[in-house]
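Q: Sequence:
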Amino acid sequence: MNPAFRIPGAGRLSQAKTASFSFDDKSYAGIEGDTLASALLANGVHLVGRSFKYHRPRGFLSAGAEEPNALVQIVRDDARKTPNVRATVQELYDGLTAHSQNRWPSLAFDVGAVNDLASPMFSAGFYYKTFMWPKSAWKNLYEPKIRAAAGLGVSPDRPDPDHYAARYAHCEVLVLGGGAAGIAAALAAAETGVRVILADEQAEFGGSLRFESGAKIDGENGFAWAQGAIAKLKAMDNVRLLPRTTAFGYYAQNFVSLVERVSDHLKSPGRELARERLWQVRARRVVLATGAIERHMVFADNDRPGIMLASAARTYLNHYGVAVGRNVGVYTANDSAYAAAIDLKKAGVNVAAIVDLRDNPTGPAIDEARGLGIEINFGRAVIRAGGKLRVSSMTVQPKNGGGERTIPVDAILMSAGWTPSVHLFSQSRGKVAFNEETRRFVPGTYAQDCVSIGACNGTDGLDATIDEAYAAGAKAAKEAGGKAGKSAKPKVDASESWSRGMLGAAPGAGPDTTVKAFVDFQNDVTAKDIRQAVHEGMHSIEHVKRFTTNGMATDQGKTSNMHGLAIAAETLGKPIPQVGLTTFRAPYTPVTFGSIVGHARGALFDPTRRTATHPWAAAHGAVFEDVGQWKRAWYFPRAGEDMHAAVNRECVTVRKVAGLFDASTLGKIEVVGPDAAKFMGLLYTNPWEKLEPGRCRYGIMLREDGFIYDDGVVGRLAPDRFHVTTTTGGAPRVMHHMEDYLQTEFPHLNVWLTSITEQWAVIAVQGPKSREIIAPLVEGIDMSDEALPHMSVREGKICGVPTRLFRMSFTGERGFEVNVPADYGEAVWEALWAEGQKHGATAYGTESMHVLRAEKGYIIVGQDTDGTVTPNDAGLDWAVGKKKTDFVGIRGMARSDLVAKGRKQLVGLKTKDPKVVLEEGAQIVEDPKQAIPMKMIGHVTSSYWSENCGRSIALAMVAGGRDRMGQTLYVPMPSGTIEVEVTGMVFVDEKGERLNG
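The opening position of the sequence shown corresponds to residue 188 in this note's numbering, with each subsequent residue numbered one higher.
Derived from the structure by calculation, the hints contain no laboratory data. From the three backbone atoms N, C-alpha and C, an ideal C-beta is built for every residue, glycine too. Worth double-checking, as some hints may not be accurate.
Unchecked claim - In silico DSS-like links for lysine-lysine, alpha-carbon gap of 30 angstroms or less:
| id | residue 1 | residue 2 |
| --- | --- | --- |
| 1 | Lys1116 | Lys1097 |
| 2 | Lys1116 | Lys1099 |
| 3 | Lys843 | Lys818 |
| 4 | Lys1102 | Lys1043 |
| 5 | Lys678 | Lys843 |
Claimed, not checked - Computed spacing ranges between beta-carbons, pair by pair:
| id | residue 1 | residue 2 | range |
| --- | --- | --- | --- |
| 6 | Glu723 | Gly415 | 53 to 63 angstroms |
| 7 | Gln946 | Pro802 | 42 to 52 angstroms |
| 8 | Gly550 | Lys678 | 54 to 64 angstroms |
| 9 | Pro919 | Pro456 | 29 to 39 angstroms |
Sequences are here, hints too, so could you generate the full structure?
A: Structure representation (structure tokens):
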């Protein structure tokens, strides 16, 4: 291993554990525990990438997730090529292979760097003003070239062989951030006995204690204290620790999404290991301890490799034992950079000079630096950096102008201060407030049950942070039902004090239009770009952001947002709060598609669902169709039958004898609780309070706009329990619809909702002989018409297993729906089938079900309705409670346009030629001879051949349909115009006498 920049005795890694790796096909050696960034720096490598727009050489800016420059491609094999991995986060493992991105033919010599010379052509907003002429060039020249240049890295071109896991978790206290504040809060909460989850994006907990050499807690070095506290938490049964886990999204009701890097740090992860794990956590209380992010100084050529944040240099030295240079310069407006200079000087690294923009700062850090013999230049600015592939000098000038001085350096450490990390707080819909004194945005108004602590809350000093964090953790746990803890609060023995820094551009960043003083490194946004945006009329920071793309890269402006905001405010002559703050959106850092998708890919992308009777149906020759995710028996052909012959036979047999149909896919929801009837009354148009237990009712559900959303039969099992059925396709959305209203509009109602679709297999036995088929197998239920009339439900047993037996029909014949636990579905079906065979019954599929229901004029929501149909339009006024004063959709249903004359209404159609079957979706006109385009007055919603009627039948939505009974209308088709007669919707048994056998 080349130890050139590895400092003996520095850092916390064991040099005995080496790891070899390659970068751009060159081999290097590092130490286990390194990141790719620290290992490259240990080998003296600073140049790791090229910028997006200008292709300028770029090096490491940070040591964490905020890194905008060091994005590399990690390659394990041909199928595992991951682009845009932050080298500052990627842990080193033996054999790691990495490549730089966005360069050709090589990193050191990149042809794309010509863009830097042509930069006047690529100023802010150039893409809004160019590529407009000639028009034909867009498709053949501009678009192909732009698409080829877009993006960073190369996407994988083979299927991902890894798998990704997902977990749901609940806890009383979720602590996000594993620094001093997060650990103290977790300790306080865990002592009370409540469930605590502590998550941090780093491989080791500790946060800024990784580099703060001046911190001491409970008599120990800060980082050592952190590891001891973590060991204590790890030993507690009520605590879950999640290192390498980033909270990327904070959603409603304290729902937080996190992604855990499970195996990206391992040389040869076992196939049983997931690559990443998505955690979805619901917490009673969220404690945000997300820290603060150091800002860079904005000056000319501040992007040269070797120029980085002061805290990054301290991290590489104090944690990884790596010096970022041998002759280091420091440029700062903040005390924290002095600590970096002091640590490097003590480690034997020459600090050429500290350039401090402030006039006469004082403090212990300044005194210590001076005592170590470090040159300090107050009231001066670095106006430019020298070098190309690596910084070689910094040019210093009094900030108010004067003589220049060039100081040779091989690295520049910079610090403009610290920005509270309020990203997750903002995602929670909290409102930040601008602190005029400290000139930073901090959490203001909270929207959820959370609390911010430490640096992300604008709290300065380790002592104050520990006090605040411990109190917040204890309070959160107590409010969640925890008991009083007994442990003492951690005691801070020593800490570091940092001043507040500056915002915006420093001297030397313009307004000279040729100066490139970078604000956003990843998108190559400079200070002059921000000023240009303002001069061109962008006065809102959101407009400035989009015009310049400041903060729109994968780092979401973690280091650039505040600088860009300050420059825009200065140019506008307005206070920062009046210019506004950009929106922080999820994800906090990029999240792989794999972790979001999890197992939902390949065969599981759209899982195939099969009912309990599927094996029986397949064995009996059923042809299946896809209905949503379900495989449903479409029809059961016998030898020599095509689909039409099979459906005709099935339909006739059901009406003459009986048929068995698998209705298990219908959505089923159990509504339970003392207020169940009230809740049903608010969600459905029908009244439910007076429905007696043991009886059923057809129900219609509307949206707020008054249009039909779903329908189904509802059985009341008990005063506080309803068995609700929905359409097959509507089951998930109806459940969501109900849950949404229960949680947001009717939270006062004491009701629980449970999806039971998969719990019950449903076998519909329909036809004149249905009771004779079922009765021999039923126990404990009186099957007589008097005891079990139409639209009734009883609980008992069938074939010795529990059943909810509904007397209901979707065919118009005497009918029953047998609900049994799904595990017994196939066995009960076979028993019913055996009984049915004694009477000549048939199994029938979904196509016959459609024909049979159409013969009776029963609608299917989503086929005969299209989202613009009201109950009146569908002829279902009778299902709307006339005395009800409130339900979802009641006001929408009364809108003037929904009760106006001439609305489309559902009617029946008969073709003048009974053998002609209309096409579903065909348009209907009043006059077939009118000029084209014709005035369409309706369309066909359902159309079938009915063997029972001996003719074709159809349902249609027709303008003023019920006033057109007996009228002849026309359906223009390519092969000719078809005459139809408007009829009622019922084609079989208009009086409904067959429902009772």
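Q: Now tell me if each hint is right for this structure.
A: Cross-check of the supplied hints:
1. Lys1116 / Lys1097: 21 angstroms, holds
2. Lys1116 / Lys1099: 18 angstroms, holds
3. Lys843 / Lys818: 28 angstroms, holds
4. Lys1102 / Lys1043: 19 angstroms, holds
5. Lys678 / Lys843: Distance ~87 angstroms between Lys678 and Lys843 Cα, so the pair is violated.
6. Glu723 / Gly415: 53 to 63 angstroms: For Gly415 against Glu723, whose Cβ atoms are near 56 angstroms apart, the range 53 to 63 angstroms holds.
7. Gln946 / Pro802: 42 to 52 angstroms: Cβ of Gln946 to Cβ of Pro802: about 19 angstroms, so the range 42 to 52 angstroms is violated.
8. Gly550 / Lys678: 54 to 64 angstroms: 23 angstroms, violated
9. Pro919 / Pro456: 29 to 39 angstroms: Given about 35 angstroms between the Cβ atoms, the range holds.
The structure fails hints 5, 7, 8 (numbered hints given earlier, in ascending order).
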